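Protein chains: 2
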Amino acid sequence: MPTSTNTRWTKKRDAKRDRLSRISSMIEGKFVQQDNIVSVLERVIEPYDRVILEGNNQKQASFLSKSLANASNEALHHLHLIMSSVSRPEHLDLFENEIADRLDFSFSGPQSTRIAQMIEDEEIKVGNIHTYIELYGRLFIDLIPNVALVAADQADANGNLYTGANTEETPTIVEATAFKNGIVIAQVNEIVDELPRVDIPSSWVDVIVLGDEPYQLEALFTRDPRHITEIQILMAMLAIRGVYEKHSVQSLNHGIGFNTAAIELLLPTYGESLNLRGKICKHWAANPHPTLIPAIESGWIDSIHSFGGEKGMEQYIAARPDVFFVGSDGTMRSNRTLCQMAGQYAVDLFIGSTLQMDYVGNSSTVVRGRLAGFGGAPNMGHDPKGRRHSTKAWLDMQKTGDELVRGRKLVVQMMETHQPGNRPVFVDQLDAIQVAKEANLGTPPVMIYADDVTHLVTEEGVAYLYKSDSPAERKEAIAAVAGVTELGMTSTARQKHRLREQGIIATTDDLEIDVKKSNRSLLAAKSIEELVMWSDGLYDPPEKFRSYWT
Amino acid sequence: MPTSTNTRWTKKRDAKRDRLSRISSMIEGKFVQQDNIVSVLERVIEPYDRVILEGNNQKQASFLSKSLANASNEALHHLHLIMSSVSRPEHLDLFENEIADRLDFSFSGPQSTRIAQMIEDEEIKVGNIHTYIELYGRLFIDLIPNVALVAADQADANGNLYTGANTEETPTIVEATAFKNGIVIAQVNEIVDELPRVDIPSSWVDVIVLGDEPYQLEALFTRDPRHITEIQILMAMLAIRGVYEKHSVQSLNHGIGFNTAAIELLLPTYGESLNLRGKICKHWAANPHPTLIPAIESGWIDSIHSFGGEKGMEQYIAARPDVFFVGSDGTMRSNRTLCQMAGQYAVDLFIGSTLQMDYVGNSSTVVRGRLAGFGGAPNMGHDPKGRRHSTKAWLDMQKTGDELVRGRKLVVQMMETHQPGNRPVFVDQLDAIQVAKEANLGTPPVMIYADDVTHLVTEEGVAYLYKSDSPAERKEAIAAVAGVTELGMTSTARQKHRLREQGIIATTDDLEIDVKKSNRSLLAAKSIEELVMWSDGLYDPPEKFRSYWT
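As given, the protein sequences belong to chains U and Z, one line each in that order. Residue 1 is where the first sequence starts when you use my numbering, and the numbers rise one by one after that. Residue 551 is where the second sequence starts when you use my numbering, and the numbers rise one by one after that.
Think of the hints as simulated: they come from the structure by calculation, not from any bench. Be careful, since some hints might not be right.
[Stated by the list, open to error] What follows is a set of in silico ranges between Cβ atoms, one per label pair, in the way DEER data are often shown: (1) U:Q398 <-> Z:T663: 50 to 56 Å; (2) U:K399 <-> Z:K1066: 27 to 33 Å; (3) U:E122 <-> Z:G828: 57 to 63 Å; (4) Z:N825 <-> U:I191: 51 to 57 Å; (5) U:K399 <-> Z:N990: 57 to 63 Å; (6) Z:G828 <-> U:A318: 49 to 55 Å.
[Claimed, not checked] In silico BS3-like pairs for lysine-lysine, Cα to Cα no more than 27 Å straight-line: (7) U:K526 <-> U:K282; (8) U:K125 <-> Z:K1076; (9) Z:K942 <-> U:K125.
[Said to hold, decoys possible] To give an idea of the interface, some chain U residues facing chain Z are shown, with a C-beta separation under 10 Å as derived from the structure: (10) T131; (11) T172; (12) S202; (13) D206; (14) V323; (15) D329; (16) R333; (17) A346; (18) G376; (19) A377; (20) H382; (21) R388; (22) Q429; (23) T443; (24) Y449.
No experiment lies behind these values; they were computed from the predicted model shown. Think of the CB as a built atom: it goes at the ideal place given N, C-alpha and C, for glycine as much as any other residue.
Please build the complete structure, drawing on both the sequences and the hints.
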């Protein structure tokens, strides 16, 4: 009988105790002084550590990221950073300053150009680009963090945290770190006597510091209706009539962008005229977009579960607890992990946009010189093959004659045939393939794979790609709605006729859409000001959206 | 400009206040007396409510489920029950007694025969059968609960909860309910002055009651090595050599069953002889199986994140915090949602077993007269198409010549060619198809779809199904390892030879496995007693597993 090897089994716990003992002179309870934070980070973090730095596309642990970038690279070097979003300049300064050298991440919108250059220059070794919950999953398996740097709204004297509307990913990354004897450091905007409610219990947190200013919070999901074009309104009519109504889409995700904002603002007008209220768009996995206000106020929407909060929407949300997820204290709780899970498994439809689509339907927002990543799109924009419940929309996608009666998620790509600058969206080969070679990625950063896309909406019509029998027919269907692009011009009148006859594509005529109506008067709100009016004055837009009307 | 419809937007919050006011004479703080629980349930729950009743395959809110079954069906009727697992007799009594009539669930192992009969008799209207996280996802979208009935280990006087090793699904279902103004009722085993740590904050909970006895906890993942057969040992050798070693599988999920228990017990013996320590099986999404102890003690395993706890493993886990997820208090925290997410996205391999597989590779544990559901298997046992990070194992599955370089998850089915009673596991048509018709399900309860299965391991060898080019070739490969079954006998020597040449199947000879060694002496532990010895006496097996050796 073999016996235990008598290895020490508490190395991580011992290491945590040692690290925290190095700051014993600087800490009271769990609290450290703002001025000491760089020194605290230099003592509790060690070279080669895996450090998860909170920063997703909304909330940023900005005081902690700035402080980490101010650390000495003699004390801290070769850090392996894990980040949902590479968003702030100092996120990349950390690599330039040789504090960090490895990176696993999901999204890099604002830094996508600089990050591409730094990877090419070998200043950053990229592990992989992930979806959000794929990255969170790895925090429990093979990317368990040594240290988490997170942001909260408030702490009480015991060290409990309130994260409120912007709870987002904080509980998940804290859980992965705290329960594997990692060290959790939180910046807070305020220290208060009593929290509205506890979002993260004190026993999960090691070090708390008051930030120099409130954490950075981006109003990323606010779209000013003034900028919605008539082409976007036409595409929104096509989507509502040709996709949402056709398949009775009851539950869905909308992301960022003017295309989907147009759909939201057409529900109380065009949708109402089609008598669709209560029949479509009742249950949402979505951020609290201001452009959802008219549909909510008109009684279209039963529930919205959110990934994060949205600046300016706080009072409106608090006044609409029947719709949003709100705690006993009256403020929202978002949860990026749970909303992504719901958006993956529990909604009928994902709709998104892309910068490039190849001729068979693969798409990516990664283009040459810009490594943007995807965030949650690939998670929600695929057919979740572990889904087993059925709805009308899901069953509509099944192949005829399949005795296993297996439906599919509706994955819709919606975009104009040309990008700004008149660059066609349809390309022979995705830039992603070349980018992967240059950045030495294991696999090209494709956002949505062709075999997952069920519908394509352009200003030319709707292509029902789920009905196509082969890649060749899919290509024909894409070409038929590709307009005046190289691909579009390969589509003959004869092909288009056949595809329309077979119901593989549909034009505004086929869908009985009155093109004359596709103008801005169809928008339920034509400006931020009108959104505020719809909200009974509860929506409080951020400063930068007020310039037009104050 | 339209204005708000002035609907009341706080209906759910008002209803919650009204419901709680009905028990104001019975509640002190958040606490109600045990004797009053039936009356409390009758007053805060209303007919037609959606009630989520905690009960997964380990922890059960057994005091609350018994109490609900004792309610009057004049007070409570037409409840829509949502349950991860239909496990206890009173779960179905609720339907017989006409307290509930609708059910959405995931798993019904112990009640699978009775539930099938009741559905046929139309005593239960089944919505859908789900995976766990699919069901949890719907709690935030279109199955938002009015009431949650959950179980915890301890509460403090303020109403904070400690759920410890069996945290499991509790935080997720509480979050879905509490933040949409539903009512959260928790049974606890103890009320204490100070919790070891807080798992669920007080402000998420409305009513707490001390259970009449500790909540039911099943040692579902304990497998006595005495019952492992030599055929299982042979299959385990095939899996280790032909799958784990071949593809360098570093991260994985093992579920329930003797097949995978045999693999676990062969790592420190057979695996060691192949010099595989540190090369395979380092990172796990798995419950804390006692049969993992020898591999842990031999230094094979870096980390295990768990769905739930396992009875008897508490002290061992507390002494191995480097491996398990353990809080600052020293006890484990499991999390079914996060572990399923990790098991879906972050591991290379899922391995499972089935009761039936059809000739092209679809499988199900649902057989005529038994509607068992699947729990987490379809979630982890499919290729997650939202995955974007790559590993050696994942890339091994890619199709040659695909410029998108898209790998796949390894989804392995491992089973003997015959079930107990000599019934072949391979069937022309899954019973699930007929069951779906009889139970009026939207879609047949298939556990793993053929196109997701990459490997099949039987006592005859390994079939590398991911290499097959067509359903016809996949059928040939399955037949080649199907032994003396109707399907197996269609396989000719010539076919087998070709499939071996092409590497689509492999036998023990091909894999250089010494069949003579496949006997019980290869098990690192041959009994529960030896597991206890490996654990230095820290593993404390439940009573029913001690009968053999005390």
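Here is how each hint holds up against the structure:
1. Roughly 30 Å separates the CB atoms of Q398 (chain U) and T663 (chain Z), a value that falls outside the hinted 50 to 56 Å.
2. For the pair K399 (chain U) and K1066 (chain Z), the supplied restraint of 27 to 33 Å is violated, since their beta-carbon distance comes to about 49 Å.
3. Taking 57 to 63 Å as the suggested C-beta distance range, the pair E122 (chain U) and G828 (chain Z) does not conform, at roughly 28 Å.
4. Taken as a hint, the range 51 to 57 Å holds for the pair N825 (chain Z) and I191 (chain U), whose Cβ atoms sit roughly 55 Å apart.
5. Remark: the range hint 57 to 63 Å for K399 (chain U) to N990 (chain Z) is contradicted by a beta-carbon distance near 22 Å.
6. The hinted range of 49 to 55 Å is satisfied by G828 (chain Z) and A318 (chain U), whose Cβ atoms lie roughly 53 Å apart.
7. Of the supplied pair hints, the one linking K526 (chain U) and K282 (chain U) holds, its CA atoms being roughly 23 Å apart against a limit of 27 Å.
8. Restraint check: the Cα-Cα separation between K125 (chain U) and K1076 (chain Z) comes to about 46 Å, which exceeds 27 Å; the hinted pair is violated.
9. A distance of roughly 18 Å separates the Cα atoms of K942 (chain Z) and K125 (chain U); the hinted pair therefore holds under the 27 Å criterion.
10. Taking 10 Å as the C-beta contact cut-off toward chain Z, the hint placing T131 (chain U) at the interface holds, the least distance being around 5 Å.
11. The interface hint given for T172 (chain U) holds, since its Cβ lies 7 Å from the closest Cβ of chain Z, which is under the 10 Å cut-off.
12. Interface hint status for S202 (chain U): upheld, as the beta-carbon distance to the closest one in chain Z is roughly 7 Å, under 10 Å.
13. A cut of 10 Å between beta carbons decides the hint on D206 (chain U): the least distance to chain Z is about 8 Å, and the hint holds.
14. Below 10 Å, beta-carbon pairs count as interface contacts, and V323 (chain U) has one with chain Z at about 7 Å; its hint therefore holds.
15. Annotation: D329 (chain U) was flagged as interfacial toward chain Z, and the flag holds, the nearest CB pair being 7 Å apart, inside 10 Å.
16. Because the beta carbon of R333 (chain U) sits about 5 Å from the nearest beta carbon in chain Z, less than 10 Å, this interface hint is met.
17. Look at A346 (chain U): its Cβ gets to within about 4 Å of chain Z, closer than 10 Å, so that hint holds up.
18. Satisfaction of the interface hint for G376 (chain U) is found here, the shortest Cβ-Cβ separation to chain Z being roughly 9 Å, below the 10 Å cut-off.
19. With 10 Å as the threshold, the beta carbon of A377 (chain U) comes within range of chain Z, its nearest partner Cβ sitting at about 9 Å, so the hint holds.
20. Taking 10 Å as the C-beta contact cut-off toward chain Z, the hint placing H382 (chain U) at the interface holds, the least distance being around 4 Å.
21. Annotation: interface hint on R388 (chain U) holds; nearest CB of chain Z at approximately 6 Å, less than 10 Å.
22. Proximity of Q429 (chain U) to chain Z holds as hinted, the smallest CB-CB distance being about 8 Å (cut-off 10 Å).
23. Given hint, T443 (chain U) at the interface with chain Z, holds; its Cβ is 5 Å from that chain's nearest Cβ, closer than 10 Å.
24. At its closest, the beta carbon of Y449 (chain U) sits 7 Å from a beta carbon of chain Z; the interface hint therefore holds under the 10 Å criterion.
Taken one by one, the earlier hints fail for this structure at numbers 1, 2, 3, 5 and 8, listed in ascending order.
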